[in-house]
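**Student:** What follows is each chain in one-letter form.
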Amino acid sequence: RKEVEQDPGPFNVPEGATVAFNCTYSNSASQSFFWYRQDCRKEPKLLMSVYSSGNEDGRFTAQLNRASQYISLLIRDSKLSDSATYLCVVMDTGRRALTFGSGTRLQVQP
Amino acid sequence: GAVVSQHPSWVICKSGTSVKIECRSLDFQATTMFWYRQFPKQSLMLMATSNEGSKATYEQGVEKDKFLINHASLTLSTLTVTSAHPEDSSFYICSAIGTGGGGITQYFGPGTRLTVL
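Top line first, the protein sequences correspond to chains V and Z.
The numbering of the first sequence is our numbering, which starts it at 1 and goes up by one.
The numbering of the second sequence is our numbering, which starts it at 1 and goes up by one.
Hints may be right or wrong, so weigh each one.
What the hints assert, rightly or not - One side only, chain V facing chain Z, incomplete, derived with CB under 10 Å:
#, residue
1, K2
2, P8
3, F11
4, R41
5, R59
6, L74
Just so you know, the hints here were simulated from the structure itself, not pulled from any lab data.
Note that the structure is a prediction, hence the values are computed from the model and not measured.
From the three backbone atoms N, C-alpha and C, an ideal C-beta is built for every residue, glycine too.
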């Protein structure tokens, strides 16, 4: 079983749509959680950290459920520029290395 | 924000040659850097943790004699792929721990695309 599992997609949505991505992780020792965005042939870039209380950054909302070991990302009012692969990432604070999910591909269409 | 550079950004080499990739933290000191590898349509996989002034810690299945890591200063870590073969062709990305985000934020370099012929 993979440590971090995501639906690979692709998710094809029209501009303006709301789309949600889910992720589960298996290591209960994971302490920090993130969503990264990766464009084709580029390095991943931090989109947002994920907190148990839930957090929002503009059109993006992230949620964490530690009991279920489940993380989500909601994107509202999708833009063409949101097209990318979204990576669910967890970190064991002790090691500080990141474990990446395989990513969910989003394609926003005009 | 913190910036991490990598050099070269891409390299093509013949099978059997060695390739050195540099990872630099440009405006901060990084006692810990990480090396990841990403094959097409796959996730980033941690190869090793590079600690300044000490030996790197390799993940299971990563050959330490093939992937030599040197972290000789607080701003530079190097990864040398020795005797590279076509199966080593991949996207190699480094990251460094910065002081933002409570000391756990990782900043990624732009990656090095290695093609071994």
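**Student:** It remains to establish, for every hint, whether it holds in the given structure.
**Tutor:** Status of each hint after checking the structure:
no.	hint	verdict
1	K2	holds (8 Å)
2	P8	holds (9 Å)
3	F11	violated (16 Å)
4	R41	holds (7 Å)
5	R59	violated (21 Å)
6	L74	violated (22 Å)
The structure shown violates the earlier hints numbered 3, 5 and 6.
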